[in-house]
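Asks: Just so you know, the protein sequences line up as chains A and B, in that order. Note that our numbering has the first sequence beginning at 1, numbered continuously upward. Note that our numbering has the second sequence beginning at 1, numbered continuously upward.
Be careful, since some hints might not be right.
[What the hints assert, rightly or not] Now the stretches of chain B that chain A is said to cover, found in silico as 3 or more residues with beta-carbon under 8 Å:
no., stretch
1, 148 to 159
2, 162 to 168
[As the list claims (entries may be wrong)] Label-pair ranges, simulated between beta-carbon atoms:
no., chain 1, residue 1, chain 2, residue 2, range
3, A, E234, B, A145, 43 to 53 Å
4, B, Y212, A, R134, 48 to 58 Å
5, A, A220, B, T95, 46 to 56 Å
6, A, D188, B, L74, 45 to 55 Å
7, A, D223, B, L249, 44 to 54 Å
8, A, A63, B, L62, 47 to 57 Å
9, B, S182, A, G110, 33 to 43 Å
10, A, G110, B, L62, 35 to 45 Å
To be clear, the hints were calculated from the coordinates, so they are not data collected in a lab. Remember, it's a predicted structure, so these values are computed and weren't measured experimentally. Quick reminder that beta carbons are idealized off the backbone N, C-alpha and C, glycines included.
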Amino acid sequence: MRPTSSDRPGARIALRDVSLGHPGTPVLSGVRVDVPAGQVLTVVGRSGCGKSTLLRTLAGLLAPLAGDVAVDRAAVRGPGADRALVFQEDALLPWRSLRANVELPLAIAGVPRPDRRARAAHWLSRVGLDGLERRLPHHVSGGQRQRVQLARALAGAPRAVLMDEPFGALDARTRAGMQDLLVDVWRDTGVTVVFVTHDVDEALFLGDRVAVLADGRLTAVHDVPHPRDRAARETPATAELRRTVLAALGAHTPEEAPLRPFS
Amino acid sequence: MSRYLLRVVSLVAALAVWQVLTSRDVELWLRFSQFPTVTDVAHSFADRIGTGTYWQDVADSLRRIVTGFVVAALAGVVAGTAVARSRLAEDVLGTLLEVVRPIPAIALVPVAILLFPSNEQGIVFITCVAAFFPVLVATRHAVRALTPVWEEAVRTMGGGRWRVLRSVVLPGALPGILGGLSVGIGVSWICVISAEMISGEYGVGYRTWQDYTVVDYPGVFVGMVTIGVLGWATSTAVELAGRRVTRWLPRRAAGTGGGRGKGATVRATDLV
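Turn these sequences into a full structure, and let the hints guide you.
Replies: Structural data, given as structure tokens:
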């Protein structure tokens, strides 16, 4: 019943000289980056730098203005169930119970109802929402709604999960819990993850690699020395990378500084 | 409980004022001397209600309004959604509908007489046109105001046009559509009664006008009360049905204790 990493490995995502944005107003150009199957790429940048545009292009909601976006060597032609998108804002359908929300990608995929129920129950339980299946989205907290979004994204057994600042609106403690949960389910499923954030610490914790967006370009992709290891937060290598990334983002301008860079 | 009491008291008070004004033949610029009293109307009502004609009239009017309204609701939702979602539909239908919309439905009586073989169909047509526009406009606005991220979410799950329509557009626009239906049923009554007065054979509107022409004023009031009660009943039915299908809407717990917990779980609301 549960999709395992062996039969559903993550997708490989490749961007070749991609320009993206809306026609007439390109936001990013010359983007070249590869995300190997099953890896986590985090993308950092200041607000308005094109992070969301990049994700929407990967999701197929927005066509690239130039260049190729490929998932497993096949060009992306539009949205598809192989790439799930987790939104920063509340993207659950408010008239559907949490369970019905998680069932939706399965219903679209034509999974029969009993199977749908079981898989939705599995994923809701996996994100720690046992017993809340019949609640409506506005009767649970913001953090719980983001858990449901994660469950909904994973229920469709995608090969890549694209996450657009999904924990941006959560308080620090809830956010750390969500990061740990994401790491857990990522280990279980082996999906490829592209995770956009403006929080450098979050990027350095979650990513195998960190891509930096600045001045309309993808300026650098750094290997993270100790991915998903909270204890490695203060190692010299991590501190060095943090300094490099913050400098690339121009974090010395106080009003735009990423949140709590050295806290 | 006390609120229901208040509602009853308000109705009774209105009737009492009517009775006093008419039974004393009050003439204060407004002239109540020719006006039937509440008791006159009540007697007339009691006589009428025992006759088959009265119920025949009620049944005729109800049949006309239900047919016209149901057709209008379906057509209004379909046309409103099409105009809001498709540029082609907007170009083809948008201007046309906006030009026809300001024409009062009752002004279409000559058109109905020309078009339809029988008066019956003409009345249903007028009722339908009357209800169509409020539903159309409400649907168009509700569909345009949908949160875009809902649709994007469904599309990234691999959902196509029809899936978006079925799982996002219709349920999401439903609260707005219901507003249009509420207005529509009210306008339908106005038009069905007017159309019956002009060209009807049987029906509450026809009977009311007949009573007027034979100077049976209590009979006119029986007709008016009947229209009022039927209108109230149908709009309440629309309202209740609407509340049932939009139980998911966050409601402000306006001091009515116990309402909040009840809404917390979904029962029949796994709509689609």
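Asks: If a hint holds in the structure, say so; if it doesn't, say that too.
Replies: Going down the list of hints, with the structure as the test:
no.: 1; hint: 148 to 159; in the structure: holds (count 10)
no.: 2; hint: 162 to 168; in the structure: holds (count 3)
no.: 3; hint: A:E234 with B:A145: 43 to 53 Å; in the structure: 49 Å, holds
no.: 4; hint: B:Y212 with A:R134: 48 to 58 Å; in the structure: 57 Å, holds
no.: 5; hint: A:A220 with B:T95: 46 to 56 Å; in the structure: 54 Å, holds
no.: 6; hint: A:D188 with B:L74: 45 to 55 Å; in the structure: 47 Å, holds
no.: 7; hint: A:D223 with B:L249: 44 to 54 Å; in the structure: 49 Å, holds
no.: 8; hint: A:A63 with B:L62: 47 to 57 Å; in the structure: 54 Å, holds
no.: 9; hint: B:S182 with A:G110: 33 to 43 Å; in the structure: 37 Å, holds
no.: 10; hint: A:G110 with B:L62: 35 to 45 Å; in the structure: 43 Å, holds
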